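Visitor: Residues per chain, in single letters:
Protein chains: 2
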Amino acid sequence: MAPPSHCHGVHHNGTAAVPVETETVPPLLGSRLLDAEEFRRQGHQVVDFIADYYASMEDYPVHPNVTPGFLRRQLPSDAPSRPKPDAFAAALRDVHDLILPGVTHWQSPRHFAHFPASSSTVGALGEALAAGINVVPFTWAASPAATELEMVVVDWLGKALHLPRGLLFCGGGGGTLLGTSCEAILCAIVAARERKLAEIGSRRIEDLVVYCSDQTHFAVRKAARIAGIHRDNCREIATCLEGMFALSPADLQAAMQADVDAGLVPLFLCATVGTTQTTAVDPIRELCAVAATHGVWVHVDAAYAGSALVCPEFRHVLDGAEAVDTFSMNAHKWLLANNDCCALWARKPSLLTAALGTEQEYILKSAAADGHDDVVDYKDWSMTLTRRFRSLKLWLVLRCYGVEGLRDHVRAHVGMAASFENMVRTDARFEVVVPRHFALVCFRLLSPEKLGGEKTANELNRRLLEEVNATSSGPYMSSAMVGGNYMLRCAVGSTLTEERNVREAWKVVQDRAASLLRKMEITCSVLA
Amino acid sequence: MAPPSHCHGVHHNGTAAVPVETETVPPLLGSRLLDAEEFRRQGHQVVDFIADYYASMEDYPVHPNVTPGFLRRQLPSDAPSRPKPDAFAAALRDVHDLILPGVTHWQSPRHFAHFPASSSTVGALGEALAAGINVVPFTWAASPAATELEMVVVDWLGKALHLPRGLLFCGGGGGTLLGTSCEAILCAIVAARERKLAEIGSRRIEDLVVYCSDQTHFAVRKAARIAGIHRDNCREIATCLEGMFALSPADLQAAMQADVDAGLVPLFLCATVGTTQTTAVDPIRELCAVAATHGVWVHVDAAYAGSALVCPEFRHVLDGAEAVDTFSMNAHKWLLANNDCCALWARKPSLLTAALGTEQEYILKSAAADGHDDVVDYKDWSMTLTRRFRSLKLWLVLRCYGVEGLRDHVRAHVGMAASFENMVRTDARFEVVVPRHFALVCFRLLSPEKLGGEKTANELNRRLLEEVNATSSGPYMSSAMVGGNYMLRCAVGSTLTEERNVREAWKVVQDRAASLLRKMEITCSVLA
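Here the protein sequences line up with chains E and A, keeping their order.
Each number in the working numbering comes from the position in the first sequence (counting from 1) with 199 added on.
Each number in the working numbering comes from the position in the second sequence (counting from 1) with 199 added on.
Here chain E stands alone, though its shape is the one from the complex:
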C-alpha cells in the first residue's frame, strides 16, 4: 500500500508533483455528469418516483418492522468500481425495494409522532430547484440574488408570523435561514457569551449560567455545552401541571438571584413557545422583565409552534416579544418548507456578526458591495460558512400558498387535533393530561384501581403505545414523560392527514386499550 515514490513529499519538494500529465487527460466527463438531456430524462423518472410514492403513501406502515442491520446486510461493503450505464434506474429500484420499506414515513397521514416534518409540493420542488442551481451564497458577492432573497423572505415570514418589527430588517433587526434550532440557539448563546464576557472583562466561561425550564428542548443544553457552558451551569427550572408546564418568572428570578449570590453570572435564557413534550408556552413578557434585571440575553425557541403564529388567534403567545434578543422557529416542522429550514431573527444582528464574523482575503469582495450598508454576508451570521440556497424554497412556499393558505393549513390541523381531544375527553377511560394549545394532544389511559391505579398507569400507557404503534396500517405516535406521568402524544401535522385519519387513529387507540385492559384483568384474576 506504499505510494509510488515519485509522488512522495509533495509538500516538501520545490516543484509540484504532477501525477497526471496533460498528455494523459482522460476523456472529459462533465458533459456526461451534468448533461441537460440526461438530467431531463432521469429527472422525470425521479419526479414520477416521488409522485408514485405519495400516491401509495397509505399502503406503507408508518414505521417499518425491521431490526438493526437489516439494510447494512443487504448492501455490498464497497462502492462499485465501474457501474453499468443503467445504474441510475437500478438504483431507483433499490430505493423502492430496499430503502423505502425501511424508512419511517414521516409524510404518512398516520404519522402523529414527534412533531411533523411537513412537506409540500412546492417545498420539495424548491429543494430540488436549489439543488439543481447549486450555488453557495456565503457572501453577498458569492451569489447576490440568493442573499437578497433570504433577506426578503425572512421579513415576509416574520411579518406573516406577527413578529415584532424590531426583529425584522425593516425594523432595524434582521433574520437568516439555518438548518436547525440547535444552530439558531448556539449562535444566540455564543453572541450572548461574547457580549457578556466583554462587558464584565472576563474570560471565565465557567462562571456563566444558562436558564431554561425542565420542559425546554435538549437542544438548549446541547448548544450551551458546545458553547462551553458547564453542565452544572444549566438551570432547568422545574415546572408543574398546575402551571401548565410553563416557566415561572418568580422561579426564574429566584434562580438568577441565587446564582448571583454564589458569584456566578446569569447569561442566557431560552423561553419556549410550544415545548416539545406538551407545547407549553412560557410567558415571554414576564420572563423578559426578569432577564432584564440581570442583563440576560433572551432567546425564544418557537421551533414547532412558531408556524402557528401565522394565525392571528395565536398571536397573543408573543406578548412582550419586543424585548427578546433572538427568536427562532422551524418552517420545516409545520409550515410546508421541507427539511431543513430554521429561521433565526435578531434584534441586533451586529451582535451575531461580532461573535461569528470574519474577513478573509481569499473571499472575493465585490467592489460593488463596498460601502453599501445593505450588503449582508450571511457567513458571519451563523456557525457555518458554506450554506445552501434555502430562501428559494421558503420564498416559493410563501409565494405559492400565501399567508392565508398557510393559515388554512395550520387551522385544519388545529381543528383535527381539537376533534381528537374531544374524542379523548368523551371516553371516561382516558384523560387529556395537558390541555391542548396547538395541534398536539397529550393523553393517557387511566389505570383502573383493580389494576393498581396510579402505580401501574405509566407501565400501562407504555404498553398501550407499543401496541398502537405495532398495529399494521395504524397510527404512529410517540410519548412524553412529564411530571412523573407517561403520556401518549398525538401530534397532528402531516400534510396529508385528514379528519378520517384522526378518527381512525382514535379508534385504534380505543381498541388497543380495551384489549390491553382485558388481558391485564385476566392476568390479575388468574394471579388472584
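Just so you know, the hints here were simulated from the structure itself, not pulled from any lab data.
Keep in mind the model is a prediction, meaning the values are calculated, not measured.
Errors might be hidden in some of the hints.
Subject to a maximum C-alpha distance of 25 Å in a straight line, what follows is the list of computed SDA-like cross-link-like pairs (lysine to any residue) [claimed, not checked]: (1) E/K358 <-> A/S276; (2) A/K547 <-> A/G494; (3) E/K283 <-> A/R606; (4) E/K547 <-> A/S276; (5) A/K649 <-> A/R606; (6) A/K358 <-> E/K547; (7) A/K395 <-> E/L463; (8) E/K395 <-> E/S549; (9) A/K547 <-> E/R272; (10) E/K654 <-> E/G683; (11) A/K358 <-> E/S276; (12) E/K358 <-> A/D277; (13) A/K283 <-> E/P511; (14) A/K395 <-> E/C433; (15) A/K358 <-> E/R420; (16) A/K358 <-> E/G268; (17) A/K283 <-> E/H361; (18) E/K654 <-> E/V631; (19) A/K547 <-> E/R420; (20) A/K547 <-> E/R430; (21) E/K547 <-> A/R717; (22) A/K706 <-> A/D277; (23) A/K654 <-> A/S672; (24) A/K547 <-> E/P275; (25) A/K649 <-> A/D710; (26) A/K395 <-> A/L297; (27) E/K283 <-> A/E603; (28) A/K358 <-> E/L463; (29) A/K358 <-> E/S280; (30) A/K547 <-> E/D277; (31) E/K358 <-> A/L274.
Chain E is already provided as a structure; the job is to place chain A on it using the hints.
Guide: Chain A alone, transformed into the frame defined by chain E:
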C-alpha cells in the same frame, strides 16, 4: 394590534384556549398541498426548468453585474395573501427573470473562483429525492434505512478515499454526514475539549489552546471561538513559500512547548490537506507525532482535497493518518455530491457521543434497537438533532458513477489545471507562485521594473483580477494573499468545465494583462 382578549393567557388558565372549534374546521388542504398528480405536473416543470438552465449555462456571465438591493427593490415587501392558482408557474418565471440573472453561476464551466461546488445529475436528483421523501433520521428508530444507509455510505466513501480503516465502521471507528466542515471541526473541538477537561480535572476553558497554521481555513478559528477557546489561544503558526506553506512540525513543537511553559494546555491541532489559499498539504505523520507528546487531538481538514484521495496517486498525502482522531472532507466540493455533504470520521466515535449525546424520553426508542451495538443515533454525533437524509444523495453518486468514474472526474480536472499551469509557465510575464498539487493554480503577473517592480505587483494583480472578472463571457476567478503576495487563483473543478474553457480563460488573462500593462506604461510615460 392587541390580541383578542379571549385568547389571552393560554399558559395561565387551567383549561385550554381552543381558538378554532371543530365545527369551523376549514376545507382540508393536504390533498392540494401534496397531491401526487400535482407534484408530477409541477415536478416535470421544475426538471425541465433545471435542464434548460444547464443547457443555457454558457449564456450567463458567471458573476452577475448587479448592485446591492437590486433584487430587494423588485420584490414586494410582504408575502401574498391568496395567490392565484397558477402561482407556481408565475414563480418559476420570476426565478428565470429575476433570480437567475442575479446569482453567481457556480455550475458555469467558466467558474474558477473559490473552490468548486460540483454538481452532478445524480447528486441534484439525490437531493430532490431526499426532499420528496422528507424523513428526519435523528435516531435509528426515526428512520432506520436512512441511518443504515449513512453507515454504509461513509464506509464506502472512506474506503474509496483510502482512509485508514480505524476511521471506518469496519475498523472500529465510524463516520457521519454533516452539512459543512465548520460543523465537523466544531464537533471535533468540543469532543477534544470535554476529554481534556475531564482528564486534567479542570473547568478552565480559557487555558486551552488550539493550533493551526496561518493557511488554515477560518472555519477552525470560528469553530474554536464557538467552542469557547479564547481568540488569544488560537495559534496560527506562520508558514512560508520555501516550505510550500505547510505547517512545520518543529514550529508546532516550539509553540506547544511555549504554551506548556506558560501554564496553558495544548488541546487541538487542525492539520490541512489542501489549504484554501494554495492547497498546501500539512505533513500529517510528523504533526501527529508532535501532537501525541502533548496529548493533543488531531483533526485533518481535507475539505477540498479530500475528494482527490479517490485517486491512488494522491494517497501519499494521508501518510500517517492512522494516528489522527478525526478527519473531514466535503463531498459537495469536488465529488459531485451537491451542496451540502461533509463527511466526518472519528477513530473513537464514543468521544463524539460523550460530548454531544443525550437521552430523552420523548424520543421514542424502538424496542428492536435495545441492546444492539450496531444501532447508531446520529443526533448524538453532531451539533444538530434534526438532520437531512444526505446519505441517499451520496449513495446514489457512488452507486451510479462508481469509484473509477469519480477518479476520471478528478483526473480530468487535475489534467486541465496542469494544462493551465503549463500555459502560465510558458509566458514569461507571469509566474506560478506556488506549485500546483491538485487542480488549483496560483499565479500572478510579474510587474515590470519600470512599473515599480515588486512594489506595484500586488496592485497590478488586483486590477488584473478585476478586469478578468469584468470580461463579459470570460472566466471568474478569485484571489489569495499569501506571504505578502497577492495572487490569482484558478480552481478547475466545475463539472461542466472542459479543456477549451481553460484555454479560453488563459487567453482572457493574457489579453487583460497585456491591455493593463499597456495602459500603465502610458500612464507612467505621461507622468514621466
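Visitor: Next step is simple, just say for each hint if it's right about the structure.
Guide: Taking the hints in turn, this is what the structure says about them:
1. E/K358 <-> A/S276: holds (9 Å)
2. A/K547 <-> A/G494: This hinted pair holds, its Cα atoms lying about 15 Å apart.
3. E/K283 <-> A/R606: Given pair E/K283, A/R606 holds - Cα atoms ~16 Å apart, limit 25 Å.
4. E/K547 <-> A/S276: holds (21 Å)
5. A/K649 <-> A/R606: violated (46 Å)
6. A/K358 <-> E/K547: Violated. A/K358 to E/K547 sits at ~46 Å, over the 25 Å cutoff.
7. A/K395 <-> E/L463: holds (23 Å)
8. E/K395 <-> E/S549: holds (14 Å)
9. A/K547 <-> E/R272: holds (23 Å)
10. E/K654 <-> E/G683: The given pair, whose Cα atoms are some 11 Å apart, holds under the 25 Å limit.
11. A/K358 <-> E/S276: holds (9 Å)
12. E/K358 <-> A/D277: With Cα atoms ~7 Å apart, E/K358 and A/D277 stay inside 25 Å; holds.
13. A/K283 <-> E/P511: Judged against 25 Å, a Cα distance of about 22 Å means the pair holds.
14. A/K395 <-> E/C433: holds (21 Å)
15. A/K358 <-> E/R420: Given that 25 Å is the threshold and the Cα spacing comes to 35 Å, the pair is violated.
16. A/K358 <-> E/G268: Satisfied, since the Cα-Cα distance of roughly 20 Å is no more than 25 Å.
17. A/K283 <-> E/H361: Within the cut-off at roughly 23 Å; holds.
18. E/K654 <-> E/V631: holds (18 Å)
19. A/K547 <-> E/R420: Satisfied, since the Cα-Cα distance of roughly 23 Å is no more than 25 Å.
20. A/K547 <-> E/R430: holds (22 Å)
21. E/K547 <-> A/R717: Violated. E/K547 to A/R717 sits at ~49 Å, over the 25 Å cutoff.
22. A/K706 <-> A/D277: Outside the cut-off at roughly 47 Å; violated.
23. A/K654 <-> A/S672: violated (32 Å)
24. A/K547 <-> E/P275: The given pair, whose Cα atoms are some 24 Å apart, holds under the 25 Å limit.
25. A/K649 <-> A/D710: With Cα atoms ~20 Å apart, A/K649 and A/D710 stay inside 25 Å; holds.
26. A/K395 <-> A/L297: Measuring from Cα to Cα gives roughly 52 Å; hence the hint is violated.
27. E/K283 <-> A/E603: Within the cut-off at roughly 12 Å; holds.
28. A/K358 <-> E/L463: Given pair A/K358, E/L463 is violated - Cα atoms ~49 Å apart, limit 25 Å.
29. A/K358 <-> E/S280: holds (12 Å)
30. A/K547 <-> E/D277: With a Cα-Cα distance of about 22 Å, the restraint between A/K547 and E/D277 holds, given a limit of 25 Å.
31. E/K358 <-> A/L274: holds (15 Å)
Checked against the numbered hints given earlier, this structure breaks hints 5, 6, 15, 21, 22, 23, 26, 28; the rest are met.
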